[in-house]
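K.L.:
Numbering (our numbering), first residue to last: 1 to 158.
Hints were generated in silico from the structure; no laboratory data involved.
You may find that some hints are simply not true.
[Stated by the list, open to error] In silico DSS-like cross-links for lysine-lysine, where the CA-CA straight-line distance does not exceed 25 Å:
#	residue 1	residue 2
1	K142	K103
2	K61	K103
3	K47	K30
4	K28	K98
5	K61	K28
6	K122	K81
7	K107	K133
8	K107	K124
9	K81	K124
10	K98	K61
11	K142	K28
12	K122	K133
13	K61	K142
14	K81	K133
15	K103	K30
16	K28	K47
17	K103	K124
18	K35	K61
19	K81	K107
20	K142	K122
21	K61	K107
22	K61	K133
23	K35	K47
24	K61	K47
25	K61	K30
[What the hints assert, rightly or not] Pair ranges (Cβ atoms, derived):
#	residue 1	residue 2	range
26	Y37	S94	20 to 28 Å
27	E100	G157	44 to 52 Å
28	K133	Y37	36 to 44 Å
29	E90	I57	12 to 20 Å
30	I155	K35	38 to 46 Å
31	I51	M82	33 to 41 Å
32	K133	K103	27 to 35 Å
33	A139	Q38	28 to 36 Å
34	Q80	W33	24 to 32 Å
A quick note: this is a predicted structure, and the numbers were derived from the prediction, not measured.
Even for Gly, the Cβ is constructed at its ideal location relative to N, Cα and C.
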Amino acid sequence: MYIIGGFRNPLNPLPEVEKVVAVSEPVKGKVEWFKDYQFIGRIESDKCSVILGEGGISPMKLLLLSVAGCTAYDVVMILQKMREPIEGLEVEISGERKEEHPKIYRKVHLHYRIHGNVREEKAKRAIELSQDKYCSASAHMKLSGAELTYSFEIIRGG
1 MYIIGGFRNP LNPLPEVEKV VAVSEPVKGK VEWFKDYQFI GRIESDKCSV ILGEGGISPM
61 KLLLLSVAGC TAYDVVMILQ KMREPIEGLE VEISGERKEE HPKIYRKVHL HYRIHGNVRE
121 EKAKRAIELS QDKYCSASAH MKLSGAELTY SFEIIRGG
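Could you put together the complete structure from these sequences and hints?
P.N.:
So, in structure tokens, the structure goes:
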């Protein structure tokens, strides 16, 4: 959204343009030390908890799953809006991290396994829209400098 201020007049021929960014409500969560190297994480508005650390998922692996979950949601929604007959979806994700601290992801690959008689060009378009426009988790990865790549296959029904 853009707000245009100023008036058109001979002394000020072009109005000033100020970009206004819509901001959502803050997301609140809490991580609590449970015991040893185990932590329980909760998001205030959600009903589930996550065990982090020993005996649970590591925060960096959770980050990978967040990217896969975010893009999976997008792809299903987009294909349904395109009226494509999607029957199932699996997204496999792998990541390579830097050797030195902070050990951020430098390469991430997603493989989409789409079930149904979905047209190839529509599947590709849905994945591209997710990766380039809608998936906030993928955008975070890219902003950190990670190279994101993808591949996909369509498993057609009988």
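K.L.:
Taking the earlier hints as the rules, which of them does this structure contradict?
P.N.:
Going through the list in order, the structure violates hints 4, 17, 19 and 34 and respects the others.
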